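Q: Listed here are the chains, written in short residue letters.
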Amino acid sequence: GNSVTQMEGPVTLSEEAFLTINCTYTATGYPSLFWYVQYPGEGLQLLLKATKADDKGSNKGFEATYRKETTSFHLEKGSVQVSDSAVYFCALRLTGGGNKLTFGTGTQLKVEL
Amino acid sequence: NAGVTQTPKFQVLKTGQSMTLQCAQDMNHNSMYWYRQDPGMGLRLIYYSASEGTTDKGEVPNGYNVSRLNKREFSLRLESAAPSQTSVYFCASTQGTTNEKLFFGSGTQLSVL
Numbered sequence: 001g002n003s004v005t006q007m008e009g010p011v012t013l014s015e016e017a018f019l020t021i022n023c024t025y026t027a028t029g030y031p032s033l034f035w036y037v038q039y040p041g042e043g044l045q046l047l048l049k050a051t052k053a054d055d056k057g058s059n060k061g062f063e064a065t066y067r068k069e070t071t072s073f074h075l076e077k078g079s080v081q082v083s084d085s086a087v088y089f090c091a092l093r094l095t096g097g098g099n100k101l102t103f104g105t106g107t108q109l110k111v112e113l
Numbered sequence: 114n115a116g117v118t119q120t121p122k123f124q125v126l127k128t129g130q131s132m133t134l135q136c137a138q139d140m141n142h143n144s145m146y147w148y149r150q151d152p153g154m155g156l157r158l159i160y161y162s163a164s165e166g167t168t169d170k171g172e173v174p175n176g177y178n179v180s181r182l183n184k185r186e187f188s189l190r191l192e193s194a195a196p197s198q199t200s201v202y203f204c205a206s207t208q209g210t211t212n213e214k215l216f217f218g219s220g221t222q223l224s225v226l
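So the sequence lines, in the order shown, correspond to chains C and V. Numbering of the first sequence is given in this note's numbering, commencing with residue 1 and proceeding in unit increments. Numbering of the second sequence is given in this note's numbering, commencing with residue 114 and proceeding in unit increments.
It is possible that some hints are incorrect.
Here are some chain C residues pointing at chain V (derived, C-beta under 7 angstroms) [unchecked claim]:
(1) Pro-10
(2) Glu-42
(3) Gly-43
(4) Leu-44
(5) Leu-46
(6) Phe-103
(7) Gly-104
(8) Thr-105
Worth flagging that the hints you see were computed from the coordinates, not collected in a lab. Note that the coordinates shown come from a computational prediction; the quantities given were computed from them, not determined experimentally. All C-beta atoms in this analysis are idealised placements derived from N, C-alpha and C, irrespective of residue type, glycine included.
With the rest of the complex left out, here is chain C (with noise of 0.2 angstroms):
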């Protein structure tokens, strides 16, 4: 079946570090990719996307780029602040399959001053 593995959590770093939250999937088929971002107290939002093979999205200074080969899409940041405190969902969606999304089990991130 479809599914989404990502590395486990809480990523807790100091202000202005790097971030890398790893993720791979399992997937018959092409899916299209995403980073959904949950904030304390809130519902799930679009971070950023990929739909094929090789594509870059981005969005808020993060970045995760399409790997067929590795079959991951790691989400990445330069420098992280206080405000990218939240967790982070990696999801896919088949191509044909409607909307209906596979999640994640989503990594927690604290950043520190």
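Chain V: place on chain C using the hints.
A: The following block gives chain V in isolation, referenced to the frame of chain C:
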């Protein structure tokens, strides 16, 4: 813009009680979804409605029913609540089956004692 509105935000039930979670969106979206979020398990799809008048089971539909009352509203009903249904419930919507961005409500925290 209100976006996706869920009520109530918090609810405590006793085992065997029933309740309905309400969801409404004001973005004229065609598709609506109910997810549950549990620690260590990410988000799992309960039911979805691809368009007004249609509903389909997701990954974990047992113990739930849904109603797509009109294009704006999609409710989730627990007929006989069980402790295993203690979770945070999220409603989401999207324009259509080819639009990948989901808009989420802020969630309902449900405890079943």
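Q: Taking the closest Cβ pair, is Leu-44/C under 7 angstroms from chain V?
A: holds, 5 angstroms
Q: Please check whether Phe-103/C passes as an interface residue: C-beta within 7 angstroms of a C-beta belonging to chain V.
A: Status holds, d = 4 angstroms.
Q: Could you check if Leu-46/C really has its C-beta closer than 7 angstroms to a C-beta on chain V?
A: holds, 5 angstroms
Q: Does the CB of Gly-104/C sit less than 7 angstroms away from some CB of chain V?
A: OK, holds: Gly-104/C within 7 angstroms of chain V, min 5 angstroms.
Q: Would the stated hint for Gly-43/C survive a check requiring a Cβ distance to chain V of less than 7 angstroms?
A: holds, 3 angstroms
Q: With a cut-off of 7 angstroms, does the beta carbon of Thr-105/C approach a beta carbon of chain V closely enough for the hint to hold?
A: holds, 4 angstroms
Q: Identify whether the interface hint at Pro-10/C stands, where standing means a beta carbon of chain V within less than 7 angstroms of its own.
A: violated, 12 angstroms
Q: Let's test the interface hint: is any C-beta of chain V closer than 7 angstroms to that of Glu-42/C?
A: Where the cut-off is 7 angstroms and the nearest Cβ of chain V is about 6 angstroms from Glu-42/C, the hint holds.
Violated hint: 1 only; the structure is consistent with all others.
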